[in-house]
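Residues per chain, in single letters:
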Amino acid sequence: MPDVIERFRNGDPDAVQAVYHQYSGAVFTVARSIVHDRELAADVVQQTFVKAWRAASTFEGQRELAPWLYSIARRTAIDAVRAEMKPTRAGHEPETDAAVAPVSFERTWEKFEVRSAIDALPADEREVVRLGHLLGYTHEQIAEQMGVPVGTVKSRSARAHKRLAAALAHLNAANRPTGDDVVQAEGS
Amino acid sequence: MTDELDPVLAALLADDDLWDEPPAALEQSVLAAIASEAAPASAPIDQLAERRRRRQLSVPWWLAAAAACALVVAGVLLVTGRGDGDPERAAGLVVELSPTDVFPEASGTADVAATAAGLRIVLDTDGLPAAGPDHFYEAWITDGTVRVSAGSFHLNGASAPIELWAGVDRPTFRTLTVTLEPIDGVAESSGQVVLRGTFAELDD
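Going down the list, the protein sequences come from chains A and B. When we follow the working numbering, the leftmost residue of the first sequence carries the number 1, and every step to the right adds one. When we follow the working numbering, the leftmost residue of the second sequence carries the number 1001, and every step to the right adds one.
Don't read these hints as lab results, they were simulated from the structure. Computed from a predicted structure; not experimentally measured. There could be a bad hint or two in this list.
[Claimed, not checked] In silico SDA-like links for lysine to any residue, alpha-carbon gap of 20 Å or less:
#, chain 1, residue 1, chain 2, residue 2
1, A, K51, B, P1099
2, A, K162, B, A1011
3, A, K51, B, A1038
4, A, K51, B, E1027
5, A, K162, A, D124
6, A, K51, B, E1037
7, A, K51, A, L65
With these hints in hand, go ahead and build the complete structure from the sequences.
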């Protein structure tokens, strides 16, 4: 990853693309959970990666990229909500339908981490988890939907949950960090 | 199924935010925005943006001539005052449109007027490249939650005032956005906003 960061900093399209592929889903999740508007969330994703690229020279390669990107995404999303609520030169009233309820730092960080873990799953395991959790399907329904035996669904589900548990162990109740921990991890 | 997962994290897996994918065209947009900033430092230039730039520069002679004729006709109509007495046309207002990181050099104005037939928008852009053969631009009127299309255009010929219509003129619909859309048959916005402006309540 340090090599990718170095190339990202230099504007190498392949490195930018690699970072985008790895983190765009998690950044989009954070943006959506704060701005509650899909189009505005896409705008936040774009601004996040452009800001990250601009600031890449200040990023120390040995640090974790994820908390740094998360921090930029969260700030950008909050700024976007504030901008939507601010009257413009044309004099319009502040938007009344923009989300104003603050989402906690820990909550959005957990979403970022869970989304990253989901995106790291093999596609077939990811789909089993999606159907089971998002749509509430039983193993039998998932098997029918995916056209595979129930046993295959069960084994994919078990593997997926084992991977997720390992990837997210640091977020378990006993190990859950505070917002300060994450801020320090960002190297700010 | 979730025995190994922390219950709080397992509950998060049912959250729609965790599964929604960014618009497919967003990746190209991010790469283009970064490449356009990196270009002065001799970093690689985005090929798509470069192709668009070349297309924009190479306007066919006949199209340029047609545009010139259209400008003359428009000028004559303006001088003779056509439209001044049009009972269907309400007094409009001019909205300044701001760029996003997609095309930071772009700008524009929109002359917005509420008429008996709907919201009439005359869009004048500057610095917005041709959409190319695989994309188009779409204008939207939104209240921040609901989005109504105001029509599409491509700028593949030249940049000229574009007349658009939206069938909604509710007081809460005060934001005008222009997005870059892939030609993929999906009616939903791609989310790639290239211009954005907000206007005050219109007089009826």
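Hints and how they fare:
no., hint, result
1, A:K51 to B:P1099, "holds (16 Å)"
2, A:K162 to B:A1011, "holds (16 Å)"
3, A:K51 to B:A1038, "holds (13 Å)"
4, A:K51 to B:E1027, "holds (15 Å)"
5, A:K162 to A:D124, "holds (15 Å)"
6, A:K51 to B:E1037, "holds (11 Å)"
7, A:K51 to A:L65, "holds (14 Å)"
The structure agrees with every numbered hint stated previously.
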